[in-house]
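Chemist: The numbers in full-length UniProt numbering rise by one with no breaks, and the one at position 80 of the sequence shown is 80.
Where hints are given, some of them may not hold.
Below, simulated SDA-like cross-link-like pairs (lysine to any residue); rule was C-alpha separation at most 25 Å, straight line [stated by the list, open to error]: (1) LYS57 with TRP118; (2) LYS120 with LEU75; (3) LYS57 with ASN135; (4) LYS72 with GLU85.
Quick list of simulated restraints, FRET-style, between CB atoms [as the list claims (entries may be wrong)]: (5) LYS80 with LYS120: 26 to 34 Å; (6) THR6 with HIS113: 32 to 40 Å; (7) ASN59 with LEU2: 30 to 38 Å; (8) VAL69 with THR127: 39 to 47 Å; (9) ASN130 with LYS72: 27 to 35 Å; (10) SER81 with TYR46: 30 to 38 Å.
Just so you know, the hints here were simulated from the structure itself, not pulled from any lab data.
Don't be surprised by glycine CBs; every beta carbon is placed ideally from N, CA and C.
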Amino acid sequence: MLDPQTLDEIDVLTRTVYGEARGETIDGQAAVAWVIQNRAAKGRTYMGKTIKDVCLKPNQFSCWNSNNVNRKLLLDLNTKSEIYENIRRVVEQVLNGTRADNTNGSTHYHTSHVQPNWTKGKSPTVTIGNHLFYNNID
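Full structure from sequences and hints, please.
Modeler: Shown next as structure tokens:
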């Protein structure tokens with residue numbers, strides 16, 4: 001089985017966005033990529049200091065959890081497929097700054113059908129598709 005630690009940063013980010021937001025619009029996919037970029041930019045050890053570290057940090061992005069059905073999809077994802085190439089383009093635009101941060105600096109998000117404990121007393125900065133984004137979580 002493919003070891004995600006052997007993948008380059010853009011590939012890991014593309015797979016993470018696929019796992020977390022493949023059913024979202026391009027704006028929704030970009031928003032997830034921006035959350036990861038924003039976490040890496042903060043450089044906090046507990047969040048991860050690189051994009052790859054942020055993506056693969058245990059229990060941060062559920063698609064990488066060992067018990068999540070998405071993990072196998074991520075590891076088996078064909079890098080020549082149309083969906084992979086489309087998401088990779090979005091990821092590259094986020095990383096090179098040609099796509100603006102539509103999350104207003106958010107470092108956290110969740111789907112609309114859950115209410116995590118860390119959101120108590122916080123209001124989302126923006127809602128994009130099925131995700132609520134927060135830039136006020138420490």
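Chemist: Evaluate the given range 27 to 35 Å for the C-beta pair formed by ASN130 and LYS72.
Modeler: violated, 22 Å
Chemist: Taking the CB of ASN59 and the CB of LEU2, does the distance hold inside 30 to 38 Å?
Modeler: Distance hint for ASN59, LEU2 is violated at roughly 20 Å.
Chemist: Regarding the pair LYS57 and ASN135, is the alpha-carbon distance no greater than 25 Å?
Modeler: holds, 19 Å
Chemist: Taking the CB of SER81 and the CB of TYR46, does the distance hold inside 30 to 38 Å?
Modeler: Given a distance of about 34 Å, which is inside 30 to 38 Å, the answer is holds.
Chemist: Taking only the CA atoms, is the gap from LYS120 to LEU75 under or equal to 25 Å?
Modeler: violated, 34 Å
Chemist: For the hint 32 to 40 Å, verify it against the beta carbon of THR6 and that of HIS113.
Modeler: holds, 34 Å
Chemist: Between VAL69 and THR127, is the Cβ distance one that fits in 39 to 47 Å?
Modeler: For THR127 against VAL69, whose Cβ atoms are near 26 Å apart, the range 39 to 47 Å is violated.
Chemist: Regarding the pair LYS57 and TRP118, is the alpha-carbon distance no greater than 25 Å?
Modeler: Since the Cα atoms of LYS57 and TRP118 sit roughly 17 Å apart, the hinted pair holds (cutoff 25 Å).
Chemist: Does the alpha-carbon distance linking LYS72 and GLU85 stay inside the 25 Å limit?
Modeler: Roughly 19 Å separates the two Cα atoms, so the pair holds.
Chemist: Does the Cβ pair LYS80, LYS120 satisfy 26 to 34 Å?
Modeler: violated, 44 Å
Of the numbered hints stated above, those contradicted by the structure are hints 2, 5, 7, 8 and 9, listed in ascending order.
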